[in-house]
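*Asks:* Protein sequences, first through last, are from chains A and B. Numbering follows the numbering used here, with no gaps: position 233 of the first sequence is 233. Numbering follows the numbering used here, with no gaps: position 64 of the second sequence is 64.
Honestly, the hints are just simulated from the structure, not real lab data. Since the model is a prediction, treat every value here as computed from it, not as a measurement. From the three backbone atoms N, C-alpha and C, an ideal C-beta is built for every residue, glycine too. Don't take each hint at face value.
[Said to hold, decoys possible] Some chain B residues judged to face chain A by a derived CB distance under 10 Å, without partners named: (1) Asp59; (2) Ser61; (3) Val80.
[Stated by the list, open to error] Restraint ranges, calculated between C-beta atoms of paired labels, are given here: (4) Asp53(B) with Thr104(A): 40 to 48 Å; (5) Tyr64(B) with Arg58(A): 54 to 62 Å; (6) Ala83(B) with Gly158(A): 17 to 25 Å; (7) Gln115(B) with Pro132(A): 36 to 44 Å; (8) Gly128(B) with Asp279(A): 34 to 42 Å; (9) Tyr90(B) with Ala118(A): 52 to 60 Å; (10) Leu86(B) with Lys152(A): 42 to 50 Å; (11) Asp53(B) with Arg328(A): 37 to 45 Å; (12) His102(A) with Asp109(B): 48 to 56 Å; (13) Arg328(A) with Asp109(B): 47 to 55 Å.
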Amino acid sequence: MSRGHLRRIKIFLLLSGLCMCNLIVTSCSEKIDLYSGGDKLTAVYCLLNNEDSIQYLRIASQYTIIGDGTVIKPDSLDMTVKGDFIAYLSETTSSGEQKSYHFTPSYAIKKDSGWFPAEALQVYETKCTIIPNTIYALYVLFPKEKRMVFAKTLSFGGGFHVIDPIIVPGRKINLFPGEDFYLRYEPLKNAAVYEATAKFLYDDIRDGLAERKEFIIALPLKFNDQTDNIISQRIAGDRFLRDISRGLKKDSTIRRRPVGFNFHVSVGGQELAMEIRNDLDAASFSNSDYSSFENAAGIFSTLSHKRIETLPLSRFTIDSLALSSLTRDLGFLTFDEINKLDSIK
Amino acid sequence: MKANIFILIGLMFIAFGCDPGGIGNTDVIIDQHKDLGTLDINFIYKIPGIPADRVRKVDLSLAYTADSLNHGQFFTSKNVSDAESLYRFYLPPGTYYYQATIICLCQSDSCLWSQFPGGQFGLRMDGGKVEVKKGLATVVSTQFH
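In isolation and in its complexed conformation, chain B is listed as follows:
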């Protein structure tokens, strides 16, 4: 009986212990992030005059300084999706700079009218400075006016 229990525990370790792409172990994730803070970026936009499916998200990245943000030198980036708005980063406490980019796909002058430089395929960016504190969640929303 005891042997069976040990075998079962052993099998569970094999099944869940070595698979980073498998079913997650919440305890481990919490433990991994215990010295970190959370940055939640609500990547949203509403551009008047352009159909929703003609504006797409391009990129969401983080930089350590304002200077590196301006030079496009980011230290991490997220996979963005038009079906998702909330993006979470686990980060050591400190100051960070984020940049969110959208693109206009409309033809003609609609993109220009909506302040996308260059018209079609023009990009608009929103960014800001955020403070991340240990064990706390910082939440920001993008502002594309």
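This is chain A alone, in the form it adopts within the complex:
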């Protein structure tokens, strides 16, 4: 045997040894490969609502778009999560006590068919009242596939308190040039994102018949980065009139009666804030997807809502809409005209 031949055998043995070592190391790992590139991802959505005694879970197979850019309408078979699975919520209180809540199919939510087939909307529910400041874990087990989807979240520290607006008999909203309105609320413990919308309600009156309409004023998202005692968001009086003048169409056949404002504030947990931030960043420089789960798409977080409805408008606001240079062509009635109209009825 030549020297060169021996050297080649040595190198072969060394490489084989390295391969064996690698196999031993990787085969001893307890980590199971839960997802491989070719698999279809499961999408899981669960937003715990601390104002509801029933929690909902939606599960689906991720819808894939064909690579050549052709958008094909998904069919229900494509989106349905097949096979048996067990889904449950696990609650761990601050004292360490654990409780489980199993999800069962839900028929409570009316499903709307549209782009996505209604029968593919797999919704589940469980009776569970959320305890403040408590860790909740969501488990979805697929026994046949020996697969588990898992995520956890921390519930809000209490109820959400809106300072302004509140319903006080006689209190009215003033929104005209020089007078702004401030929405104020207290930051909620463990919450990370706030979204507020104001709906301006008005009636379109045509041939004596009134039809209720709404004009939505979306306020910017607020992330709870700051340590303010009160979070406040401004609706500028000047801007309100300008937005109305841009958003409503002139129509000489209708008169408009301002009715009031509805406010809706949504509060989201840390994971929801990260998801939203990720979406906002994706628009600028990143396209990575955020998920609460390691091996599934989707979100598991907390969400709460506060609605303050039908706050009346002051005389000045009503007259500004009717008489200001920006909105006077839109057919809004003055305060006196509304009173006259109501007295006829």
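Put chain B on the given structure of chain A with help from the hints.
*Replies:* Same frame as chain A, now just chain B:
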């Protein structure tokens, strides 16, 4: 280089110049109010015998004359909040009349005992005459005894 500076100035005008709801420009506000005076109303109340959250502010309005104040004919009004006490008006020099209103939400006789007419949902008002002078601030506090 010069072109860049002009573009930057132009962009700043676009960003800050046309947005009444955006970041305010203090110089412009001062300029807008240079012929006006300031009226600061400290809208406060302390009603003995009633929990603080059972009395709420309803309204803060201004009238030109005592007669129009009595008839509820105001020329402007503020958004009132139970979290804020100071309300500022920029006004031409002259005499004005203000009216501040609070409401009692307590059930039973607590509101009556605290002189809210009619008991629950009864209103109490405080008002007064104020002089506003050009370039000066007039400060008044409401007095609900």
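*Asks:* Please go over all the hints and tell whether each is borne out by the structure.
*Replies:* Hints versus structure:
no.	hint	verdict
1	Asp59	6 Å, holds
2	Ser61	9 Å, holds
3	Val80	7 Å, holds
4	Asp53(B) with Thr104(A): 40 to 48 Å	42 Å, holds
5	Tyr64(B) with Arg58(A): 54 to 62 Å	60 Å, holds
6	Ala83(B) with Gly158(A): 17 to 25 Å	18 Å, holds
7	Gln115(B) with Pro132(A): 36 to 44 Å	40 Å, holds
8	Gly128(B) with Asp279(A): 34 to 42 Å	53 Å, violated
9	Tyr90(B) with Ala118(A): 52 to 60 Å	57 Å, holds
10	Leu86(B) with Lys152(A): 42 to 50 Å	45 Å, holds
11	Asp53(B) with Arg328(A): 37 to 45 Å	41 Å, holds
12	His102(A) with Asp109(B): 48 to 56 Å	52 Å, holds
13	Arg328(A) with Asp109(B): 47 to 55 Å	49 Å, holds
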